[in-house]
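Please work from the sequences and hints to get the whole structure.
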Amino acid sequence: MATWKLGPAFACGNTVVIKVAEQTPLSILVLGQLIKDAGFPSGVVNILNGLGNETGVALVQHPLVDKIAFTGSTATAFSIMGIAAKTLKNITLETGDASRTQVQNKILMYTQRICREEIFGPVVAICRFNTEQEALELANDTTYGLGAAVFTTNLERAHRVAAEIEAGMVWINSSQDCDPRVPFGGVKQSGIGRELGEAGLEAYSQIKAVHVNMGNRL
Numbered sequence: 721m722a723t724w725k726l727g728p729a730f731a732c733g734n735t736v737v738i739k740v741a742e743q744t745p746l747s748i749l750v751l752g753q754l755i756k757d758a759g760f761p762s763g764v765v766n767i768l769n770g771l772g773n774e775t776g777v778a779l780v781q782h783p784l785v786d787k788i789a790f791t792g793s794t795a796t797a798f799s800i801m802g803i804a805a806k807t808l809k810n811i812t813l814e815t816g817d818a819s820r821t822q823v824q825n826k827i828l829m830y831t832q833r834i835c836r837e838e839i840f841g842p843v844v845a846i847c848r849f850n851t852e853q854e855a856l857e858l859a860n861d862t863t864y865g866l867g868a869a870v871f872t873t874n875l876e877r878a879h880r881v882a883a884e885i886e887a888g889m890v891w892i893n894s895s896q897d898c899d900p901r902v903p904f905g906g907v908k909q910s911g912i913g914r915e916l917g918e919a920g921l922e923a924y925s926q927i928k929a930v931h932v933n934m935g936n937r938l
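Under this note's numbering, think of the first position of the sequence shown as 721, with each following residue one higher.
Derived by calculation from the structure, the hints in this document are not laboratory data.
Any given hint could turn out to be false.
Claimed, not checked - DEER-style ranges, computed between Cβ atoms:
(1) 932 <-> 756: 39 to 47 Å
(2) 774 <-> 875: 48 to 56 Å
(3) 848 <-> 907: 25 to 33 Å
(4) 875 <-> 935: 51 to 59 Å
(5) 756 <-> 899: 24 to 32 Å
(6) 727 <-> 927: 19 to 27 Å
(7) 897 <-> 854: 24 to 32 Å
(8) 754 <-> 847: 42 to 50 Å
(9) 927 <-> 735: 17 to 25 Å
(10) 802 <-> 766: 22 to 30 Å
(11) 777 <-> 749: 20 to 28 Å
(12) 932 <-> 875: 46 to 54 Å
(13) 749 <-> 851: 46 to 54 Å
Unchecked claim - When the alpha-carbon atoms are kept at most 25 Å apart in a straight line, the in silico PhoX-like pairs for lysine-lysine are as follows:
(14) 806 <-> 787
(15) 809 <-> 787
(16) 806 <-> 928
(17) 806 <-> 908
(18) 908 <-> 787
From the three backbone atoms N, C-alpha and C, an ideal C-beta is built for every residue, glycine too.
Listed below in C-alpha cells is the structure:
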C-alpha cells in the first residue's frame with residue numbers, strides 16, 4: 721500500500737511523510753531501510769509511528785502538509801476528511817467495500833448486514849435474483865462502491881451491467897485483477913480519488929494555467 725503512494729509522489733517531485741499503522745509498525749521500517757540503502761537523500765522519505773488520533777491528526781492538521789493519501793477504514797476516512805476540510809487539503813481516500821460478484825443468476829449480496837458492511841474475512845453470502853434489473857438494485861444497495869465482478873457468457877450484457885454498477889472498478893469474468901497502468905479506487909463511501917495509472921500521478925501534482933501576453937499592449 722505504501723509503495724502505491726510513494727511511487728507517484730516521487731515521480732511528481734514530492735517529499736513524503738509516512739504515518740505507520742499502529743497495528744503493523746515494523747514492516748514499514750524495513751521499507752525505510754531499503755529506501756536508505758537505495759541512496760535517497762535525507763528528508764525525502766520520513767516515517768512516523770504513533771496513534772491515529774494523535775500522530776495522524778497532527779499530520780493532517782500540519783500547515784506544511786499539502787496532500788493526504790489514506791488507505792483504511794471508512795470511519796477513519798470520515799475523520800481525516802473532516803479535519804482536512806478545515807484547510808481544504810487535497811485528499812485521496814481508499815476505504816472499505818462489500819464486494820459484489822454476479823455469477824449467472826446469482827449475486828453475492830443481500831440486504832442483511834453481512835453483505836452491506838465490511839467483513840475482514842473469507843465470507844461469501846449468496847442470494848438469488850430473477851432479473852438483471854433486480855441484480856443491479858441489489859448490487860447498488862450499499863454505501864460502498866469499490867469493486868464488483870460480473871460472470872457471464874454474454875459480453876454485451878456484461879458491459880451493460882458493468883456500466884450500471886456503482887463501483888470504481890468492475891471485473892468481467894475475473895476478480896481482483898490489478899495493473900499499475902490502470903486507475904484503482906472507489907465511489908460512494910469507498911473513497912475519493914484514484915491511485916495508479918495516470919490518475920495516480922495527477923493526485924500528487926497541481927494543474928497550473930499560465931497565460932502569456934505576446935502582444936505589445938497590456
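Against the structure, the hints come out as follows:
1. 932 <-> 756: 39 to 47 Å: holds (43 Å)
2. 774 <-> 875: 48 to 56 Å: Hint holds: Cβ distance 51 Å, inside 48 to 56 Å.
3. 848 <-> 907: 25 to 33 Å: holds (26 Å)
4. 875 <-> 935: 51 to 59 Å: holds (55 Å)
5. 756 <-> 899: 24 to 32 Å: Holds, since residue 756 and residue 899 (Cβ atoms, about 29 Å apart) stay within the stated range.
6. 727 <-> 927: 19 to 27 Å: Holds: the Cβ-Cβ distance is about 20 Å, inside 19 to 27 Å.
7. 897 <-> 854: 24 to 32 Å: 27 Å Cβ-Cβ, so the 24 to 32 Å window holds.
8. 754 <-> 847: 42 to 50 Å: For residue 754 and residue 847 the Cβ distance comes to about 46 Å; the hint holds.
9. 927 <-> 735: 17 to 25 Å: Cβ of residue 927 to Cβ of residue 735: about 20 Å, so the range 17 to 25 Å holds.
10. 802 <-> 766: 22 to 30 Å: holds (24 Å)
11. 777 <-> 749: 20 to 28 Å: holds (22 Å)
12. 932 <-> 875: 46 to 54 Å: Check passed, 49 Å falls within 46 to 54 Å.
13. 749 <-> 851: 46 to 54 Å: Holds - the Cβ-Cβ distance for residue 749 and residue 851, about 53 Å, lies within 46 to 54 Å.
14. 806 <-> 787: Within the cut-off at roughly 13 Å; holds.
15. 809 <-> 787: holds (6 Å)
16. 806 <-> 928: Holds - the C-alpha atoms of residue 928 and residue 806 are around 23 Å apart, at most 25 Å.
17. 806 <-> 908: holds (21 Å)
18. 908 <-> 787: holds (21 Å)
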